[in-house]
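> Here is what each chain is made of, one letter per residue.
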Amino acid sequence: MVERASPTGTEPPFTLDLAAMATNFVRFTGTDTYLSNESLEAAVNCALVLQRPLLVRGEPGTGKTLLAEAVAEALQMPLIRWNVKSTTRAQDGLYVYDTVQRLYDSRFQDKDVSDIENYIELGPMGKAFDADERSVLLIDEIDKADIEFPNDLLNELDRMRFVIDETQREVSAKERPFVLITSNAEKELPDAFLRRCVFHFIDFPTPELMEQIVHVHHPELEASLLKQAMETFYEIRSMKRLRKRPSTSELIDWIAVLKASGVSDIDLDNNLPFLGALLKKEQDLVAFADQLSGGRRWRS
Amino acid sequence: MFLPFLYELRAREVPVGATEAVALAQALEAGLHEQSLDGFYFVARSILIHSERHLDDFDQAFLKVFRGVEVEGKKLEDELFEWLKDARENLPELTDEERALLEELDPEELERMFQERLEEQKKKHEGGNKWIGTEGTSPFGHSGRAARQGIRVGGKGKGRSAIKTADARLYAGYRQDLTLDVRQMQLALRKLRSFTRIGADEELDLEETIEATAKNAGELEVVVRPPRRPNTRVILMMDVGGSMDPFAHLCSRLFSATKKSTHFKELRTYYFHNCVYGRVYETERFTDPIRVQDLLHECGPHYKLIMVGDALMAPYELLSPGGSIHWESDGERAEGIVWLMRLQKHFRRSVWLNPEPQKYWLGNTIENIASVFDMYPLTLDGLGEAMTHLMKSK
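Protein sequence lines correspond, in order, to chains A and B. Everything in the first sequence is counted per this note's numbering, starting at 28 for the first residue and increasing by one. Everything in the second sequence is counted per this note's numbering, starting at 787 for the first residue and increasing by one.
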């Protein structure tokens, strides 16, 4: 990569003060509502110390986005979200220059159109850089955007500064934000981008961990119902023909519905209540019914 | 210490380089791994690995390089405690010094002392960037090797150990070279989308706005450009029946992945048997034929042609006129390979995906067809390469 000269020309490149970092940084160890594990903590702490973005991948519903909230809560930093869509451009994250508004305003005399600064709106990334305190910047579902999108952000993520072309104002991070990037693995991310990130892949939780997770969300759940729900859940997950297998968030929602409606007994073979909370596709519901009846025939 | 590990990873085609090495050294210097092999496993994994499909390679490389390190340490540790337990019973075999030591302290005390010493040693190590203690002075002067490798003695044992985690090979399912499922295929096919949606945005056409405003005597007239839309048109032709039967499942997955891809402006699918002759069919049962000539008239060269087939047949089926096993009542009797060449020539970009393993591609009709079409194996890698090839401009 060709290093672009820093805007002021004299600034030394960004260096890490490791000795200070190692002693001063606050370790992330999960929160009351977000259960982490050793590997996740190692990844978050690596990203914190090395001041690199943390890229989190995993199945939908395994808590990628929630992780950002948990980190922000645990480290007591404000959370700035940037939800990426297919039309999002890298520039949107830095700032937007509202030319149309300025054009409109130019027809009337009530606003000062000569000051471009009035029409510059900082994007999520710009805000995170511009903030006085260290913040958590969540770039959610980066793979939704155009394939070149991550590359366009490389320089800004590396140096944590950019210049607003229209005003020549430099926005540079006073405190380097903790950048958390989530991806559903829909699209391959460029190598150059990947190599700058600390990577973590969120596994699907083991039944033991899942039990803890459910407990955190529904502490007063009866043990028998929990056991049944878990068994049913893992059985449904193991069905081969499902298009979208239910994951953590579906299980938690499902249990919430079960609780709210006072169901105390679940029988997989016998008209499973609120199946819609677990299976969200029509084909999956059909496949589920198929498999179940097929299984019963086989058993009898 | 970790450099051989990096080379082991590179040997497994995991892209690690100087950037990762420096980052890992920094992390270790900062003590992120808490001086334990388990900690090292997680820290190294999050820094060196950038994609879940390399996790399995990482586990295997980790096992190869580090298996034994921990086991050895553990063994020595056990040996020592064993010795401590037996010590009293074996008093006569001991040296004078040992006997003197034992007479002063009971085993529990010794154990505690040993732990403390190790703890101290651990602290000394924290200043440096050695991740595992290899040299240690024995606190007891008996075997000398006792305190070596002892770092883990003072550490906390949490959950699975790294070696066990790696050994479980939990991520084998994410390897790239295994069979494709529909979703993976879709991801590969998305490559066709991403290139056609560059700057998909509803944006202000500034030039036109200025022009229109000027024409409008200074009264503002905003002109907005329409967003760009996907522009890829794809023709998928699949060989069915006969020698393709073993791959029917794979092909049907490719088919549904393509059908589900919403990012094509147009998708046409046709079937053929063995080789394309005068016509292709809209159904798998070879009904609703369409003449290839008509197809070429309908579809301009900007369509992307994806052929799927094993390209295996008797040589005459490909190379002699009228080799088709279906009776062609009209049209010219050209060789199969000529039809293929016509298709290839007509479309600017075309690929042939072959489910046969690549090692069987020589010395049969596959070789002939590969000289006409750019042929790729029907694996995730091959599909990805094929899509990249299709997107190259020509």
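Treat the hints as calculated values from the structure; they're not laboratory data. Any given hint could turn out to be false.
Facing chain A, according to a computed beta carbon distance under 7 Å, are these residues of chain B, among others [what the hints assert, rightly or not]:
hint	residue
1	813
2	833
3	1002
4	1006
Built from N, CA and C at the ideal position, the CB exists for glycine as well.
> Looking back at the numbered hints, which does the structure fail to meet, lowest number first?
Those not satisfied come down to hint 3.
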